[in-house]
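**Q** What follows is the residue order along each chain.
Number of protein chains: 2
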Amino acid sequence: MERITSRENPKIKEYVRLAGNKKDRDQLGLFVIEGKKVCLEAFCEQVNIKTAFLTRRFLEEHPETAAQAEAAAEETYLISEEIEAKLTGCKTPQGIFCVCKKLDKLLDVDTILNKRLLVMLCGVQDPGNLGTVLRTADAFGVDGVILADNCCDVYSPKVVRSTMGSLLRTPLLWTKDSAEFLRSLHGRVYSAAAVVDRDALPMEELRLPVDRPCILCIGSEGSGLSAGTAAACDQRVTIRMRGNAESLNAAVAAAVLMWELQKNR
Amino acid sequence: MERITSRENPKIKEYVRLAGNKKDRDQLGLFVIEGKKVCLEAFCEQVNIKTAFLTRRFLEEHPETAAQAEAAAEETYLISEEIEAKLTGCKTPQGIFCVCKKLDKLLDVDTILNKRLLVMLCGVQDPGNLGTVLRTADAFGVDGVILADNCCDVYSPKVVRSTMGSLLRTPLLWTKDSAEFLRSLHGRVYSAAAVVDRDALPMEELRLPVDRPCILCIGSEGSGLSAGTAAACDQRVTIRMRGNAESLNAAVAAAVLMWELQKNR
Numbered sequence: 014m015e016r017i018t019s020r021e022n023p024k025i026k027e028y029v030r031l032a033g034n035k036k037d038r039d040q041l042g043l044f045v046i047e048g049k050k051v052c053l054e055a056f057c058e059q060v061n062i063k064t065a066f067l068t069r070r071f072l073e074e075h076p077e078t079a080a081q082a083e084a085a086a087e088e089t090y091l092i093s094e095e096i097e098a099k100l101t102g103c104k105t106p107q108g109i110f111c112v113c114k115k116l117d118k119l120l121d122v123d124t125i126l127n128k129r130l131l132v133m134l135c136g137v138q139d140p141g142n143l144g145t146v147l148r149t150a151d152a153f154g155v156d157g158v159i160l161a162d163n164c165c166d167v168y169s170p171k172v173v174r175s176t177m178g179s180l181l182r183t184p185l186l187w188t189k190d191s192a193e194f195l196r197s198l199h200g201r202v203y204s205a206a207a208v209v210d211r212d213a214l215p216m217e218e219l220r221l222p223v224d225r226p227c228i229l230c231i232g233s234e235g236s237g238l239s240a241g242t243a244a245a246c247d248q249r250v251t252i253r254m255r256g257n258a259e260s261l262n263a264a265v266a267a268a269v270l271m272w273e274l275q276k277n278r
Numbered sequence: 014m015e016r017i018t019s020r021e022n023p024k025i026k027e028y029v030r031l032a033g034n035k036k037d038r039d040q041l042g043l044f045v046i047e048g049k050k051v052c053l054e055a056f057c058e059q060v061n062i063k064t065a066f067l068t069r070r071f072l073e074e075h076p077e078t079a080a081q082a083e084a085a086a087e088e089t090y091l092i093s094e095e096i097e098a099k100l101t102g103c104k105t106p107q108g109i110f111c112v113c114k115k116l117d118k119l120l121d122v123d124t125i126l127n128k129r130l131l132v133m134l135c136g137v138q139d140p141g142n143l144g145t146v147l148r149t150a151d152a153f154g155v156d157g158v159i160l161a162d163n164c165c166d167v168y169s170p171k172v173v174r175s176t177m178g179s180l181l182r183t184p185l186l187w188t189k190d191s192a193e194f195l196r197s198l199h200g201r202v203y204s205a206a207a208v209v210d211r212d213a214l215p216m217e218e219l220r221l222p223v224d225r226p227c228i229l230c231i232g233s234e235g236s237g238l239s240a241g242t243a244a245a246c247d248q249r250v251t252i253r254m255r256g257n258a259e260s261l262n263a264a265v266a267a268a269v270l271m272w273e274l275q276k277n278r
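Chains A and B, in that order, give the protein sequences. Under our numbering, the first residue of the first sequence is numbered 14, with each subsequent residue one higher. Under our numbering, the first residue of the second sequence is numbered 14, with each subsequent residue one higher.
Treat the hints with care, as some may be off.
One copy or two, it doesn't matter: identical chains are merged, so the pair holds either way.
Quick list of in silico lysine-lysine cross-link-like pairs, DSSO-like style, CA-CA up to 27 Å [as the list claims (entries may be wrong)]:
| no. | residue 1 | residue 2 |
| --- | --- | --- |
| 1 | 49 | 276 |
| 2 | 104 | 36 |
| 3 | 35 | 118 |
| 4 | 26 | 114 |
Derived by calculation from the structure, the hints in this document are not laboratory data.
With these hints in hand, go ahead and build the complete structure from the sequences.
**A** What follows is the structure, given as structure tokens:
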């Protein structure tokens, strides 16, 4: 295994650029992951691994995972702890880092029509929220996630970290304009708009049609769903609150909605 | 209104210490808040405000809130934008900061026995998760939150920010040892332990006794509830998952559990 000790090594600089910049991720079609758990998920989900970086400590403590990394990655390098400190986004790095090719578990309009339950995120900006929603969707058996209206980049390290590996499993579709997308599928899907409105249908009363997939649409943290997107949906649903808080955290609201949705499935 | 321009001013140094150190918050019995929304909540909830700091921009843009701050606080100071940059924990500060006396909406064992629904957090370490749970508890009408087993400090700026004002409304009780606490209330409360275990009772099937308050116990992010705490509970409950993710984010799991709990109320 070749050893990298220079912080100026081009492979190291590439990793740092990919961790920091969406533009580089888009241009190169690559993203980065770190930590034993998510790297194991990546090997297991057959994600294409371009480069793996391991510390000597990791090699000694986790020889099996290290061997899997070497087998999965096109190139594997041994890195010093100084380089590790440069790569990591964590307080206590675990000593394993990979550069991955972007995922190909993509949805398209045809595959959507064969699904049962989808979530569309419209303009979600907080990486932690976006990652948590992907993790929850995976836990609750949602069949895919549609990213609309310029959500933040799912390949940013913070999103990847928050998904706890779910990103690598969840089928994804990107679309520019949620309202247009919903109109194009009118009659072929059943769409529900999550809104903060006491007059909307309480989520637990929603009954899904059995003949079409359902798309649950969730808006951004600050401003919720746009009026245009809500109007393009078949139903407006809400979470009835008993208490005092004006609203829920976006990831929490999405979780409660998905929870009720999969119960009614 | 007196003007502060020196970063070495003792009032400014006190704010910075309170924002950064639990030890200082504990010693002085004070904590800090920033931003228009949470400060308005504090005035509204009659929190004791020791000091308010306002920028000129805030005074000009929000004269009503500024007047409320002056009325509520023992001392109000005009600060420069340079000082604002020193005080803030946000990317885009709003120009209003307060030093508050710690809250007195406290629970004790007797008040607990008059409540219906309580949540006990055991060793929750992530400030964002803790804050989000407090916000969700408030939204779902939970009557109080018990903090056990060295949860992170609810008065840290990150928790305060994540609660979106709910911290100021929620009755709180601190206790050192969750298992001991539950044993001391044995028979007088009904306690449910949230666990990741396929054989535990699905949360939606839990029926609460009407003659006693219910305490839902939620463990830490990493390791969940301790065996001792779970054993001290009357029932073990879980969230049945259909999908692939091994577990949910702690704040998401707490939200789904509280949601089901308040539905059964």
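**Q** All hints are to be evaluated individually against the structure, with a verdict given for each.
**A** Consistency of the hints with the structure:
1. 49 / 276: Classified as neither; 33 Å inside a copy, 39 Å across copies.
2. 104 / 36: Answer is both; intra-copy 26 Å and inter-copy 22 Å each pass.
3. 35 / 118: This pair counts as within: shortest intra-copy Cα distance 20 Å, inter-copy 45 Å.
4. 26 / 114: within (17 Å within a copy, 48 Å between copies)
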